[in-house]
Amino acid sequence: SQKIEQNSEALNIQEGKTATLTCNYTNYSPAYLQWYRQDPGRGPVFLLLIRENEKEKRKERLKVTFDTTLKQSLFHITASQPADSATYLCALVADSWGKLQFGAGTQVVVTP
Amino acid sequence: SAVISQKPSRDICQRGTSLTIQCQVDSQVTMMFWYRQQPGQSLTLIATANQGSEATYESGFVIDKFPISRPNLTFSTLTVSNMSPEDSSIYLCSVEPGRGREETQYFGPGTRLLVL
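Here the protein sequences line up with chains A and B, keeping their order. Take the first sequence: its position 16, counted from the start at 1, is 125 in our numbering, and no numbers get skipped. Take the second sequence: its position 7, counted from the start at 1, is 48 in our numbering, and no numbers get skipped.
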């Protein structure tokens, strides 16, 4: 299986700034990679999916990039808001049946 | 999309007992997954449960400890057997509504288990 690395330290950011999170993996490049948001006491919620042949994907204030050469995905939250405070998980598809392998997540704290 | 409910939402159990967690989906799905999330950790896949076949367990998880049922396309149960404090965790089920059409997974709210 892959080793998936996300920043373990919480990212503290001021409202209005851009938060950038990193997801690195070690082995094969997956067919696609996903980002989820998880709030305390809740299950993860899907945010974005990016395929290996896509360099960038956007959804509202969110942007994801996927660099198979660097084996890295970046997740950006622009114009961050306190409501964006949560833990963000990256997940790589591990097989053709859609089994996912998750990173440990990075906590984002947006302060007013 | 899919809406998923889990029961119970939380429980406190004595060591040596067993707990069965239920997962109900509002639509028929082929793929269902059970995960464990220990405090401060990420999600670890326990098993994949497809209707009409035996569950497929990940390395480190066995059927005797985590028996799974999948009687139909909208329901599954996970039993945590002979519990010990190390089983204290959040257990989540998820579904992938349509393989090939939609690869995203939808998660239930989780069952928070504390074993004393």
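Errors might be hidden in some of the hints.
[Unchecked claim] Here are some of the chain B residues that sit facing chain A, going by a computed Cβ distance under 10 Å:
#1 I45
#2 Y76
#3 L86
#4 D105
#5 V156
[Stated by the list, open to error] A few chain B residues facing chain A, derived, Cβ under 7 Å:
#6 E95
#7 E144
#8 F148
#9 G149
#10 P150
#11 G151
#12 L155
The set of hints was computed from the structure by calculation and includes no laboratory data. The C-beta atom is built at its ideal place from N, Cα and C for all residues, glycine as well.
Checklist line | Status of the hint placing F148 (chain B) at chain A (closest C-beta pair under 7 Å) | finding: Since the shortest Cβ distance to chain A is 3 Å, the answer is holds.
Next item on the list: Would you settle whether the hint for E95 (chain B) is holds or violated, based on the nearest Cβ-Cβ distance to chain A being less than 7 Å?
Entry: It is violated, given that the least Cβ distance between E95 (chain B) and chain A is near 14 Å, above 7 Å.
Margin query: Under 7 Å is the threshold here; is the Cβ of P150 (chain B) close enough to any Cβ of chain A for the hint to stand?
Written below: holds (5 Å)
Note to self: Can you verify the interface hint for Y76 (chain B): is its Cβ closer than 10 Å to any Cβ in chain A?
What the structure shows: Given a least distance of 8 Å, the restraint on Y76 (chain B) holds.
Next item on the list: Double-check V156 (chain B) for me: the hint is only fine if its C-beta lies closer than 10 Å to a C-beta in chain A.
Entry: Because about 18 Å separates V156 (chain B) from the closest Cβ in chain A, which is outside the 10 Å limit, the hint is violated.
Next item on the list: Using 7 Å as the Cβ threshold, decide whether E144 (chain B) counts as touching chain A.
Entry: holds (6 Å)
Item checked: Hint status (Cβ of D105 (chain B) to nearest Cβ of chain A, threshold 10 Å) -> Status violated, d = 22 Å.
Note to self: Under 10 Å is the threshold here; is the Cβ of I45 (chain B) close enough to any Cβ of chain A for the hint to stand?
What the structure shows: Holds: closest Cβ of chain A sits about 8 Å from I45 (chain B), inside 10 Å.
Margin query: Checking hints one by one. Is L86 (chain B) an interface residue toward chain A, by the C-beta closer than 10 Å rule?
Written below: holds (6 Å)
Next item on the list: Grab the minimum C-beta distance from L155 (chain B) to chain A and call the hint holds if it beats 7 Å, violated otherwise.
Entry: violated (14 Å)
Checklist line | Cut-off 7 Å, beta-carbon criterion: hint that G151 (chain B) touches chain A | finding: holds (5 Å)
Checklist line | Minimum beta-carbon distance criterion (7 Å), G149 (chain B) to chain A | finding: Given a least distance of 5 Å, the restraint on G149 (chain B) holds.
Hint compliance for this structure: hints 4, 5, 6 and 12 are not met, and every other hint is.
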